[in-house]
Amino acid sequence: MDAAGIQAPGPGELREWEAEFEAAARRPLATRFRYAFIHTYKPVLDDAPFRAFDTMADYREWCATNLPEWLGYGPAV
Amino acid sequence: MARRFEYAQAEEIREAFRRHGVRYLFIGKSGAILLGYPDTTQDADVFVEKTPENAAAVAEALRDLGFPLTEPQADEVRHGKDFVQIRSGPFDLDIVFAPDGIETFNDAWARRVEVEGFPVCHLDDIIASKKAANRVKDRETLPRLIAFREYWLDRRR
Chain D
1 MDAAGIQAPG
11 PGELREWEAE
21 FEAAARRPLA
31 TRFRYAFIHT
41 YKPVLDDAPF
51 RAFDTMADYR
61 EWCATNLPEW
71 LGYGPAV
Chain W
1 MARRFEYAQA
11 EEIREAFRRH
21 GVRYLFIGKS
31 GAILLGYPDT
41 TQDADVFVEK
51 TPENAAAVAE
61 ALRDLGFPLT
71 EPQADEVRHG
81 KDFVQIRSGP
91 FDLDIVFAPD
101 GIETFNDAWA
111 RRVEVEGFPV
121 CHLDDIIASK
131 KAANRVKDRE
141 TLPRLIAFRE
151 YWLDRRR
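One line per chain: the protein sequences are D and W, in this order. Residues 1 to 77, numbered by this note's numbering, are exactly what the first sequence covers, in order. Residues 1 to 157, numbered by this note's numbering, are exactly what the second sequence covers, in order.
Since the hints were made in silico from the structure, they are not lab data.
Below, in silico cross-link-like pairs of lysine-lysine (DSS-like), each with a Cα-Cα straight-line distance of 27 angstroms or less:
#1 W:K137 - D:K42
#2 W:K131 - D:K42
#3 W:K50 - W:K131
With the rest of the complex left out, here is chain W (with noise of 0.2 angstroms):
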């Protein structure tokens, strides 16, 4: 069972997909606990950009991290799968190369947010995804995640 996401294994993914040259935004409610969003969550979800240069850069970091791939399953992430979920690494994650609600990696990436050197979606991008997911879960998360998503911007301003 893998160990729980903690703040170093977000710098590992950061620095690795850095030195890989991987184009990726953190989104879901990992994204929204990096912008300050007070919950809980399980894995963390990466939107990565669906280029065969990019999908193959994904598969090298993510051994480079230590997720032991099988040829088979790398090339599963080099073919740019819309979905691609394991839990045989370090921790969960969560590969999302079309997220629901999302029209574009280029869209999301123009209004990402940095925060301390992780792109992150914005959070009407997060919010988007999960209004068009449309699961059980995303349905009791809104209505907080929209709270936070007024005292996030009114902060910024």
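Just chain D, same shape as in the assembly (with noise of 0.2 angstroms):
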């Protein structure tokens, strides 16, 4: 773990990810783009066309409140 308390990966795991960032290298962005780009409904998220919030703690304070907890958008602890 580091300063900022995120988890470091165990060998198998870093080896793992490093051989799917070769497979990812290969493809072509508009490939990428494929296999990245998916569209899930998220609820109360997508649910209006438009926001805007004057400041990100706004923003933030607003997915706290109103988003389904494990959607994550809320805050770590």
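Two chains, two frames, a set of hints: combine them into the complex.
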């Protein structure tokens, strides 16, 4: 774990990730896009056509208050 | 419901923003994906310079791209609200005027990486932004993104 509390991967996990990075590097950008961008409905978040927040703090607070916890937009403890 | 974001739409953003003179950078996971990071995401995130001229250009470019902004919505973009989320257009788009963890647009611009003509935040800025945002989903992403940074820097040497 680093100073910011980010968990370091184990050697096996790191090797697996590096293989994924290598595989991605061999794909053209347009193909990477096709694999990367998906569309899944996110409750509440996707229910309004437009939202604007004066500050990022306002946005974070709105997320923490209004979005289902399982979406992961709330603050990490 | 918006269609998923496609490469052709990223090209449309690039061209529309160029026509309107928008200063912007791809940021977030969409930026990391442009840099080669293999992962999935739903929307495109762009960091735009917070000046009145640039914000006005963004509003015009969005309409050009097919985002049906009402006049009050366009005004919110023109006023440079820190975060604007649009779900009514041809794809989902988040516009960030003041991302967490990055001091100024010019700082990020100086460190940017160009990928096929797309201006992208440096991975260090993307990581700094996710660390500062400190959401649950960011914390889950960061170990793999940080590992990718090492791989990506090695490839660039």
